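*Asks:* Protein chains in written order, with my numbering: chain A, 1 to 253; chain B, 1001 to 1215.
Possibly wrong hints are sitting among the right ones.
Footprint (simulated), chain B over chain A, 3 or more residues, beta carbon under 8 Å [as the list claims (entries may be wrong)]: (1) 98-107; (2) 134-142; (3) 193-201; (4) 207-214; (5) 220-227.
Quick caveat, the hints were computed from the structure, so don't treat them as lab data. Quick caveat: nothing in here was measured; it's all calculated off a predicted structure. Every residue gets a Cβ at the ideal spot worked out from N, C-alpha and C, and that includes glycine.
Here is how the chains run, residue by residue.
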Amino acid sequence: MALLLLVISFALFYFYMVRAKKGAEISARTFPAVAAIPEAVGRAAEMGKPVYYTTGLGMGTLNNPLNGPQTLAGISILGHVTRLCSRNGVRIDYFTPIVDSLPLVEETMRTAYLMEGNPEGFDTNHIHFQQDQSPYLTASLGYMQRERPASNIMLGGFYYESVVLGEAGNTIGAMQIGGSANTHQLPFLVATCDYTLIMEELYAASAEIAGDPDVLGSLKGEDILKFVVLALLGVGFLLGLANNATLINILRM
Amino acid sequence: MSEVYKRELVFLVAGLVAAVMIVTYFLDIPVLNGLAQQLQVWALIIQLMAIGLGAINLVRVNYRHMQQKTEGLWIFSAWFMVLFAIMLLLGLVGLSTGSENAIYSWVFANVYTSLSSTLYAITGFYIFSAAYRAFRARNIDAAILLIGGVFVILANAPVGAVIWKGFPIIGGWFNISGQVPAMRTFTITGALGLLAYGFRTLLGKESGFYGEAGQ
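So here's chain A without its partners, still in its complex pose:
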């Protein structure tokens, strides 16, 4: 049943992606946090301060089923932020404890500068790697106190560093954009950030940034799928009240 649901989901995404590509009008969601990114970079340009960017601990590797995709989603958005920074002459400093993400980050940032016609603007010194959570956190806190970045962007798989970085950012008065699909860190990000991408919004944000109609079509497919799940929850709730386990048995097949 799980395989069947996966195939149906993929078919639904593909259907809406093809429809969008053929020119059908797709009304996709927009995210205030994504819309605030140019403001965050503009603020840094006005203040002459850098932008701090991190994708969180992510359990220290991309090879983690829960955090790896979040890190990748964060890196996707990093490309967009780096391009804006390059365009506005703003320095962006990226901090990570995820060693296997380094080549991707380097390539993403280099390409972003290249696409803005500013290849000499890229400097590997602005990619800061620290092995493990505590050194990463200590280095980030030190950086925030020394450099006082105008904006703090935290998008990825976070653990307790979310509250520490968020509060440190608040202390220096940085504009903060956060986002994670780790439920245990969402309250901290919501409490400390000006804008937050909650759960699947983190994955969907890169689709909105890309702006390709077919990519936005997958968001539409996702929304339809949400209604299907909601309907299943409703039916399951009613059947549960009647002590009927038919739906549970079907889903467990």
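For chain A, the structure is supplied; the task is to place chain B on it using the hints.
*Replies:* For chain B alone, kept in the frame of chain A given last:
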């Protein structure tokens, strides 16, 4: 190899690997199972190689700070190099003797772990200030959050039950009937988002894993 072919090759390899992993997760096909296990071993080897690259990167960056006498940083870089050399030496000695070096273990347990625990403990203060900001009753939503938060705090604090026996009951209701369904909703929507993200990645529509700048 041209940039276009390189890009296509990356997507092809990623697609094939993903297909093998998905199929073996759902179906029991002995040939593919063996291949999937082999791929996982490769992933582990690549990951370990990346750790080596990370170490080289650290040394390179810190050496540059030392060489250029970067203001405010070079002294930390020098200290890093000293500690890096000590830990590397101790680790290599342990490797040559076939067992873990006792000094290495001592340094790790009594320096690194202690410092990490100290940093973790500081989180408590950050949580206080974050909670203060979140619990200010600036509007009706924040006021509801504040009331809920007070009940949950008093349900968890031993003094709550002493003040009024209803605090643990109401706080427990917020925890079980309020928080659990909300968190499960987040989990379900997160899973759906991940599905869509995975699908876009398989089709080469996501730039994250390829290291390409966002469009």
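*Asks:* Would you mind marking each hint as holding or not holding in the structure?
*Replies:* Going through the hints against the structure:
1. Proximity of the segment 98-107 of chain A to chain B, defined as three or more residues with a beta carbon under 8 Å from a beta carbon of that chain, is established by the 8 residues found.
2. Figure legend: the segment 134-142 of chain A, annotated as covered by chain B; annotation consistent (3 residues with Cβ-Cβ distances under 8 Å, at least 3 required).
3. Counting residues of the segment 193-201 of chain A whose beta carbon lies closer than 8 Å to any beta carbon of chain B gives 4, which reaches the threshold of three, so the coverage claim holds.
4. Remark: the segment 207-214 of chain A is confirmed as covered by chain B, as 6 of its residues place a Cβ nearer than 8 Å to a Cβ of that chain, reaching the required three.
5. Under the rule that three or more residues need a Cβ within less than 8 Å of chain B, the assignment of the segment 220-227 of chain A holds, with 4 such residues.
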